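All residue numbers for the sequence shown refer to the numbering used here, where the first residue is 451 and numbers rise by one.
Since the hints were derived computationally from the structure, they do not count as laboratory data.
Everything numeric in this text was worked out from a predicted model, so none of it was measured.
Positions of the beta carbon are idealized from the N, C-alpha and C atoms, including for glycine.
Hints should not be assumed to be uniformly reliable.
Subject to a maximum C-alpha distance of 27 Å in a straight line, what follows is the list of computed DSS-like cross-link-like pairs (lysine-lysine) [unchecked claim]:
1) Lys503 <-> Lys486
2) Lys486 <-> Lys496
3) Lys613 <-> Lys542
Simulated restraints, written as ranges between beta carbons of each label pair [to be verified]:
4) Val505 <-> Glu633: 53 to 59 Å
5) Asp631 <-> Ser611: 26 to 32 Å
6) Lys542 <-> Arg653: 24 to 30 Å
7) Lys509 <-> Ile682: 37 to 43 Å
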Amino acid sequence: MEDNNLIICGRNAVTELLNSDKPPSLNALYVQNEAKGLGSVISIAKNRGLVVKEVGADKLDRLCDGNRHGGVAIQIAAAEYTAVDDILKTDKPFVLITDGIEDPHNLGALIRTAEAAGVDGVIIPKRRNAQITAAVYTASAGAAAHVKIARVTNLAETLKSLKNGGLWVYGAEADGTAYSDIEFDNTGGIALVIGSEGRGLSRLVRDNCDFVVSIPMLGKINSLNASVSGGILMFHIANNRQLSTVNCQLPKGGGRD
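Let the sequences and hints guide you as you build the complete structure.
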């Protein structure tokens, strides 16, 4: 397979890609011979002008590198990233930022949750972070096809730019203020930064957050998987934004100088 192509495997991921309003360049659909329940997927692919190739199970297993595929895979062009400004075009944007999420399954899970929580876009760094690969697409269950994703060189500078544009930046860290004790500001946009499980937020990124928030642990373990933490905080913020009034208070526990 050429380096500029990705193979996305699994019925959910393939279906979401085919149904996306702005799908990446779709090249070909691979369907396992005599696989059941794929009629609608094949129909959509043909309507989009894709080549549909019937292949044996061995061929599909090789294409998917041994991962589960449910009898179907799709070949797409390498991921295309958007500009940060495109994410910020909405009123009061809600942005997810990852800082050091190196596991593609965690990144995919975060993107899936971001789409479900109404996040307007995801920003990832070009270095020391998983990029948008076939594994990320699959782990996101196709949500990566529906979410704007930007890639930046300098995350700390990006945070400064977001703050200058009116967004409040919240970083997730174990020693932060309990998220339930913070009134997330809804007069402008919000950016939520999720760091890696091992290192947390990098120093420069943390220094450029307006607030550092945490999820109190009630059991014997002291941390959660990054995608789980991100999911809790994203839906808390989404719910807070839905219920907020125009005269909401600024967050407690800190602020900009």
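Check: Checked against the structure, which of the hints given earlier come out wrong?
Finding: none
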